[in-house]
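**Q** Model the full assembly from the supplied sequences, consistent with the hints where possible.
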Amino acid sequence: MSRYTDGPGARVVGLGHYQPARIVTNDDLTTQFGVETNDAWIQDRVGIKARRFAAEGETCLDMSVAAAGKALANAGIEAADVDLVIVATLTPPTMLPNVASQVAARLGINAPGAFDVNTACSGFSYGLATAQHAIVSGAAKTALVIGAEKLTDVIDFADRTTCILFADGAGAAVVTAAEQNGIGPVYWGSDGPRGDVLNIDDDGFIRQEGQAVFRWATTALAPFARAACERAGVDPADLVAFIPHQANVRIIDHIAKRLGATNAVIARDIVESGNTSSASIPLALSKLVERGELPSGGPALLFGFGGGLTYAGQVITIP
Amino acid sequence: MSSNDEIRAGLAEILEEIADVQKDDVADDKSFTDDLDVDSLSMVEVVVAAEEKFGVKIPDDDVQGLKTVGDAVAYISQAQA
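Protein chains in written order, with full-length UniProt numbering: chain A, 1 to 319; chain B, 1 to 81.
It is possible that part of the hints are untrue.
Claimed, not checked - Quick list of in silico lysine-lysine cross-link-like pairs, DSSO-like style, CA-CA up to 30 Å:
1) A:287 x B:57
2) A:257 x B:23
3) B:53 x A:70
As the list claims (entries may be wrong) - Which residues of chain B face chain A? A partial, calculated answer using Cβ under 10 Å:
4) 39
5) 40
6) 44
7) 45
8) 48
Stated by the list, open to error - Restraint ranges, calculated between C-beta atoms of paired labels, are given here:
9) B:37 x A:7: 52 to 60 Å
10) A:290 x B:17: 34 to 42 Å
11) B:22 x A:95: 52 to 60 Å
12) A:28 x B:40: 23 to 31 Å
13) A:209 x B:17: 41 to 49 Å
14) A:159 x B:9: 34 to 42 Å
15) A:297 x B:35: 21 to 29 Å
16) B:39 x A:179: 46 to 54 Å
17) A:80 x B:39: 52 to 60 Å
18) B:18 x A:80: 27 to 35 Å
19) A:194 x B:25: 33 to 41 Å
20) B:61 x A:257: 23 to 31 Å
21) B:27 x A:200: 25 to 33 Å
22) B:53 x A:28: 36 to 44 Å
I should point out that these hints are in silico values taken from the structure, not numbers from a laboratory. Note that the Cβ used here is the ideal one computed from N, Cα and C, for glycine as well.
**A** Structure below.
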């Protein structure tokens, strides 16, 4: 098949991210939240050293607006030019109105298509593909795709298997029509029959069967990540970056190795940011680009996976 | 079909590769967690590798019952029969 950059299409032209100011280390979980755990155990099992928690009253909407504003500035695009807003999240402050419409209102975007997407940790890749499809079909010209979570709203601090993992944050991308395409065909799918291993229970808390999810992630996913590369006509060895959902360093390394992303920068933002579900991919990507660690124009694989179970990945050109 | 010695030797190779366990330490009475320092996630990796190597299925529910190397050898031997 031809390479994804052949011909016109859509591309990512700007990125932005927002993280709350409060840094919570592994030791802070014990001293401030009474969690019976320790730093070495968490680093060894998941790779997290610290994470960010939103302030009281700071919402997923607030973080979405902050990240999106930075992405627009980074792209040099006016809010007035945006005609589609997609927010991937599983922690909207309100189910009605949706987050995307409120982001548009806060940023002064006039009458865009606006909707939220919930596929949990794969949400950003689903949202990005949907924006791409809208642009390629002619339904939109300039899209904002945001991944944002306030997972502290759904953390049970009495459950030490999950409360050490999850955190808050947001990332955003601006996507426009382009003469040369910069987003490969998405490879997406789901495994509903196995979905009960990750859920929000009747008490409103996130629950996970860690070993079952780990087994799925380390056995099923690498072929899907490879398939996303194949659809884009990109050899995994030619990737300049691999930005998977930031679930666990051991899962990230597993997939990267089996994918064969031998020359890629592997995103490990989980170390300082924890697992921010829908936000983790744009957050990690935006930070790497801001630090100048990724070469502009190179192909990077984004790959989200998690609750549902769902997964989605696509190759994009680094802006 | 493999003999118990072959299964134990195969497990030792997997444990060395995944969890840096010395092959000489792998004996039937050794506990994965207490003696060999294999954590729960590494145990999942060991099980997945063992499934491939020995052509068996070891469901998550059964993994909980595999406390020692001897438990795993017996389980795999039984599953192959």
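**Q** Could you say whether the range 25 to 33 Å given as a hint is met by the Cβ separation of residue 27 (chain B) and residue 200 (chain A)?
**A** violated, 44 Å
**Q** Given a hinted range of 52 to 60 Å, is it respected by the beta-carbon distance of residue 22 (chain B) and residue 95 (chain A)?
**A** holds, 55 Å
**Q** Per the CB criterion, is residue 44 (chain B) less than 10 Å away from chain A?
**A** Holds, because the Cβ-Cβ distance from residue 44 (chain B) to chain A comes to roughly 5 Å (cut-off 10 Å).
**Q** For the hint 41 to 49 Å, verify it against the beta carbon of residue 209 (chain A) and that of residue 17 (chain B).
**A** violated, 25 Å
**Q** Mind checking the CB of residue 39 (chain B) against every CB in chain A and telling me if the closest is under 10 Å?
**A** For residue 39 (chain B), the interface hint holds, since the closest Cβ of chain A sits about 7 Å away, which is under 10 Å.
**Q** Taking 34 to 42 Å as the stated bounds, is the beta-carbon spacing between residue 290 (chain A) and residue 17 (chain B) within them?
**A** holds, 38 Å
**Q** Does the Cβ pair residue 53 (chain B), residue 28 (chain A) satisfy 36 to 44 Å?
**A** Given about 42 Å between the Cβ atoms, the range holds.
**Q** Within 34 to 42 Å: is that where the Cβ-Cβ distance between residue 159 (chain A) and residue 9 (chain B) falls?
**A** holds, 40 Å
**Q** With respect to the beta-carbon atoms only, verify the hint that residue 80 (chain A) and residue 39 (chain B) lie 52 to 60 Å apart.
**A** holds, 53 Å
**Q** Take the C-beta atom of residue 28 (chain A) and the C-beta atom of residue 40 (chain B), compute their distance, and say whether it sits inside 23 to 31 Å.
**A** holds, 24 Å
**Q** Are residue 39 (chain B) and residue 179 (chain A) spaced within 46 to 54 Å by their CB atoms?
**A** Cβ of residue 39 (chain B) to Cβ of residue 179 (chain A): about 51 Å, so the range 46 to 54 Å holds.
**Q** Could you say whether the range 21 to 29 Å given as a hint is met by the Cβ separation of residue 297 (chain A) and residue 35 (chain B)?
**A** Cβ of residue 297 (chain A) to Cβ of residue 35 (chain B): about 52 Å, so the range 21 to 29 Å is violated.
Hints 1, 3, 13, 15, 18, 21 from the earlier list are contradicted by this structure; the remaining hints agree with it.
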